[in-house]
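K.L.:
Given the coordinates of chain A, assemble chain B onto it according to the supplied hints.
If you read the sequences in order, they're chains A and B. Just so we're aligned, residue 186 is where the first sequence starts under our numbering, counting upward by one. Just so we're aligned, residue 392 is where the second sequence starts under our numbering, counting upward by one.
Do not rely on the hints blindly, as some may be mistaken.
[Said to hold, decoys possible] Quick list of the computed label-pair ranges, beta carbon to beta carbon:
{"id": "1", "chain 1": "B", "residue 1": "Ile526", "chain 2": "A", "residue 2": "Pro254", "range": "51 to 61 Å"}
{"id": "2", "chain 1": "A", "residue 1": "Pro537", "chain 2": "B", "residue 2": "Met550", "range": "42 to 52 Å"}
{"id": "3", "chain 1": "B", "residue 1": "Phe453", "chain 2": "A", "residue 2": "Lys257", "range": "47 to 57 Å"}
{"id": "4", "chain 1": "B", "residue 1": "Gln441", "chain 2": "A", "residue 2": "Asp270", "range": "24 to 34 Å"}
{"id": "5", "chain 1": "B", "residue 1": "Gly552", "chain 2": "A", "residue 2": "Glu395", "range": "32 to 42 Å"}
{"id": "6", "chain 1": "A", "residue 1": "Pro517", "chain 2": "B", "residue 2": "Gln445", "range": "43 to 53 Å"}
{"id": "7", "chain 1": "A", "residue 1": "Gly613", "chain 2": "B", "residue 2": "Gly552", "range": "55 to 65 Å"}
{"id": "8", "chain 1": "A", "residue 1": "Gln259", "chain 2": "B", "residue 2": "Leu465", "range": "51 to 61 Å"}
{"id": "9", "chain 1": "A", "residue 1": "Gly613", "chain 2": "B", "residue 2": "Glu450", "range": "19 to 29 Å"}
{"id": "10", "chain 1": "A", "residue 1": "Lys357", "chain 2": "B", "residue 2": "Glu462", "range": "31 to 41 Å"}
{"id": "11", "chain 1": "B", "residue 1": "Pro452", "chain 2": "A", "residue 2": "Lys357", "range": "35 to 45 Å"}
{"id": "12", "chain 1": "B", "residue 1": "Asn536", "chain 2": "A", "residue 2": "Asp364", "range": "34 to 44 Å"}
{"id": "13", "chain 1": "B", "residue 1": "Leu545", "chain 2": "A", "residue 2": "Lys257", "range": "34 to 44 Å"}
{"id": "14", "chain 1": "B", "residue 1": "Pro452", "chain 2": "A", "residue 2": "Asn621", "range": "29 to 39 Å"}
[Claimed, not checked] Here are the simulated DSSO-like pairs of lysine-lysine, each with C-alpha atoms no more than 30 Å apart in a straight line:
{"id": "15", "chain 1": "B", "residue 1": "Lys484", "chain 2": "A", "residue 2": "Lys362"}
{"id": "16", "chain 1": "A", "residue 1": "Lys336", "chain 2": "A", "residue 2": "Lys297"}
{"id": "17", "chain 1": "A", "residue 1": "Lys297", "chain 2": "A", "residue 2": "Lys257"}
{"id": "18", "chain 1": "A", "residue 1": "Lys514", "chain 2": "A", "residue 2": "Lys631"}
{"id": "19", "chain 1": "A", "residue 1": "Lys488", "chain 2": "A", "residue 2": "Lys672"}
{"id": "20", "chain 1": "A", "residue 1": "Lys522", "chain 2": "A", "residue 2": "Lys496"}
{"id": "21", "chain 1": "A", "residue 1": "Lys310", "chain 2": "B", "residue 2": "Lys484"}
{"id": "22", "chain 1": "B", "residue 1": "Lys484", "chain 2": "A", "residue 2": "Lys405"}
{"id": "23", "chain 1": "A", "residue 1": "Lys278", "chain 2": "A", "residue 2": "Lys639"}
Bear in mind the hints are in silico, worked out from the structure with no lab data behind them. Glycine included, each C-beta is placed from N, C-alpha and C at the ideal position.
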Amino acid sequence: MKFSTTIKALGLTAAVVLAPLMASGAQAAGTITVATTIDPGSWDPIDTFIVPWSSAANNIYDGLTSRGPDMKLQPALATSWEFLDNNNRIRFKLRQNVKFHNGEPFNAAAVKFTFDRLLGDEGKKGPQQSNYTSITKVEIVDDYTVDFIMKQPDPVLLTKLAGYGGMIVPPKYIQEKGDAYFNLNPVGTGPFKFVEYTPKVNLVLEAFPEHWAGAPKLDKVVTRFIPEANTQVAELQAGRVDVATLIPFGLAPTVEKSPNLTLVSITGPTVVSLRLNTKEGITKDVNVRKALIMGVDRDAIIKAVLLGHGKPIASFQSDLSFGNDPAMKPLPFDLAKAKQMLQQAGVQPGAPVRIDFRGNDATFREVAQAAAGYFQALGLKPAVQPHEVSVLLNDIIPNGKTGEAWHNAWGGWTFDYDNTAYLMYHSGEKWNPYDNDPKLNALLEKQRTMYDVKEREKVLQEVARYVADQALEIPLYNQNTVIGVNKRVKNFVPPADLRFRFNDVTVE
Amino acid sequence: MAGFILKRLLQAVFVVLAVTLIVSFAIRLSGDPAVMLVGGAGSVSEQDLQNIRQALGLERPFYVQYFSFLEGILTGDFGKSFMGGTPVSLLIKNALPATLLLAFASLITSIILSVPLGIYAAVNRGRWPDQAIRILSLVGLSFPNFWLAIMMVLFFSIMLGLLPPSGMEGPESFVMPALTMAIILTATNVRLVRTSMLETLSQQYIMVARSKGLRDRVVLYKHALRNSAIPLVTYIGLQFGGLIGGIVIIERVFNWPGMGTLAFDAIANRDYPVLQGTITVLALFIVLINLLVDIAYGLIDPRIRTE
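So here's chain A without its partners, still in its complex pose (with noise of 0.2 Å):
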């Protein structure tokens, strides 16, 4: 044959350029991996909202505070605090002998300058700054006291303190450089200092030695952007990838199978609920409402599409949540009952129940479907309606464009179910478009001015009994963090949060 010559070379070419290729698979040691799914383009702490970007820069950045995978706040560049002045001012005294990764000082001008820029006009571009608005300004007392004067009183501060837009940054570095420079070149006094950045690649870090908690054990901690979940499974069973952030329950059994590899499933921040409405359509009457929360098996609906990796829950928060109340339970799932409720308030068989979501959510597709299924078990009509993420939660929501129930997820890292609470329930807020309670409103506007602990969370538990007994939801669970870890990494304590912090972890 004249051409099987050609075809031979060509697989001979073939075999040439496979055959040499080893996978670059094993890590240096010291070196840790992680994938994380977006890269945040900026590494200044107050432009981003992102929980990716707190993944790797929880470790170029300390706070004054700082929360470790307990979810306990600990003294980090403060060591020590008061309330004066009745609440009005808070003072923080602060770590000494506290280098930032330039040799520039830590010191209490470097804290003014962090909050002179997150408040002032640099911060309003930014996302960050709503979050610490209740604060007027930072004096400073002397070189190592500073005292932060307050607009409202804000029992969730010594939290924000310790993560995104309260991350302490270099002032002469930031004024020398430039803030786009900064962005790209990011400078902390965390365990870790910067090395280099490849947009939409990775970020490398290394230790920094003179870190005050003590040197970090690793040398090197490798952020990779990897936005799809199937090539983060990969990359983590090819042995590439330490610790992967984004595990599809669908996958989670994938990477449970692998030797070398370990699934974290733990409590995480995100919870779900079917959020009615209260103004249109058979969600009008709370007793219709009550029906539909014991209309739909929770439990069910958990085993089934989230495999298992979640909670029910009775409020819309995680029970690691400030204002959590554990005694607190969900109307019970009772078919029968719910039928015999919806007969009483006399509502027609066949009558309409839409559920709008965001689109874009795979797992809450099949969530929608099965609550569907339950409506119709209930004689209901139930449609599922996806929408563009946007269009969902800048029209239909906020301008009550929602059929009778709506797609509800929440996440906020504080833990605290005053951020959650507030926001969903407070008429005006943008996520609650049809109530106006004023015992409601005036229960969330109480605890925000409580710096009494026992006594905020005990409101905070009123305001989710209030909820509850309103039936403006229906609770459905909170949302485990899923996350696959290669074996070689030790003394990993992974966080809910994903805030990861790697100074105590070593790797084989």
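P.N.:
For chain B alone, coordinates are given in the frame of chain A:
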């Protein structure tokens, strides 16, 4: 020739302008970047969103935004990404070579595979090698590219541990993405080469060449292949343009840091400057390639050159 090129260049400018206008307009219909920026979560008030919109320059009328974008292009400044303010030109500078290299590698691989296979099928028309190649090409055409990509990762990376599943690190990173693209391209190209070759082989001048007693090899390569190459060059040229634009899924699966990834993320985040910049550059390339294809005709077929 110079007049021809000039005319085409003018057309190109018009096409690119039209593309920028459509893209800039269309993306603005699809949602609010300020909301995408804060992820729809947290305690963000309408005032905060307003501040962000103002900082991003979104409160200006559309035509002002569009003209300032055009003005930027002329001075080589594509603006800054809404996500973190990275200069768009920097993002494109990093991403463009990655995409071009991948597209080029895919195309070359596809040509290396499809030309000999196509000729082989044509020469053996109706016999089993022809049948086999045609069936294989049908199978290749039926693969969804993302599925093929995932299967390759499963086989080469997870089962054999030979190749990195994603990223662009060394030459080995190219193998799977380029092969995935090449297999799908080859499926169509083989058929094209085969048909075109068959047509040429039935021409009288081939018969003349044969009857002169020329060797088969000479007839095939010197007479037939060159004449079959015209439709092939057109098609491959267009393919290259399509490849650059259509590489999105492959880039996504292999986490390839190219223009597709950039455009995909930009659409998801409503990152107007990045999307506008990416699409403009891609449009420029596609127009340029079409121009090159037209010029290449002339080189292959002297009859076209004079027109």
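K.L.:
If a hint holds in the structure, say so; if it doesn't, say that too.
P.N.:
Status of the hints after comparison with the structure:
no., hint, result
1, B/Ile526 - A/Pro254: 51 to 61 Å, "56 Å, holds"
2, A/Pro537 - B/Met550: 42 to 52 Å, "50 Å, holds"
3, B/Phe453 - A/Lys257: 47 to 57 Å, "50 Å, holds"
4, B/Gln441 - A/Asp270: 24 to 34 Å, "33 Å, holds"
5, B/Gly552 - A/Glu395: 32 to 42 Å, "39 Å, holds"
6, A/Pro517 - B/Gln445: 43 to 53 Å, "50 Å, holds"
7, A/Gly613 - B/Gly552: 55 to 65 Å, "58 Å, holds"
8, A/Gln259 - B/Leu465: 51 to 61 Å, "54 Å, holds"
9, A/Gly613 - B/Glu450: 19 to 29 Å, "23 Å, holds"
10, A/Lys357 - B/Glu462: 31 to 41 Å, "35 Å, holds"
11, B/Pro452 - A/Lys357: 35 to 45 Å, "41 Å, holds"
12, B/Asn536 - A/Asp364: 34 to 44 Å, "41 Å, holds"
13, B/Leu545 - A/Lys257: 34 to 44 Å, "42 Å, holds"
14, B/Pro452 - A/Asn621: 29 to 39 Å, "35 Å, holds"
15, B/Lys484 - A/Lys362, "23 Å, holds"
16, A/Lys336 - A/Lys297, "16 Å, holds"
17, A/Lys297 - A/Lys257, "25 Å, holds"
18, A/Lys514 - A/Lys631, "24 Å, holds"
19, A/Lys488 - A/Lys672, "27 Å, holds"
20, A/Lys522 - A/Lys496, "24 Å, holds"
21, A/Lys310 - B/Lys484, "26 Å, holds"
22, B/Lys484 - A/Lys405, "27 Å, holds"
23, A/Lys278 - A/Lys639, "25 Å, holds"
Every hint, counting from the list given before, is met by this structure.
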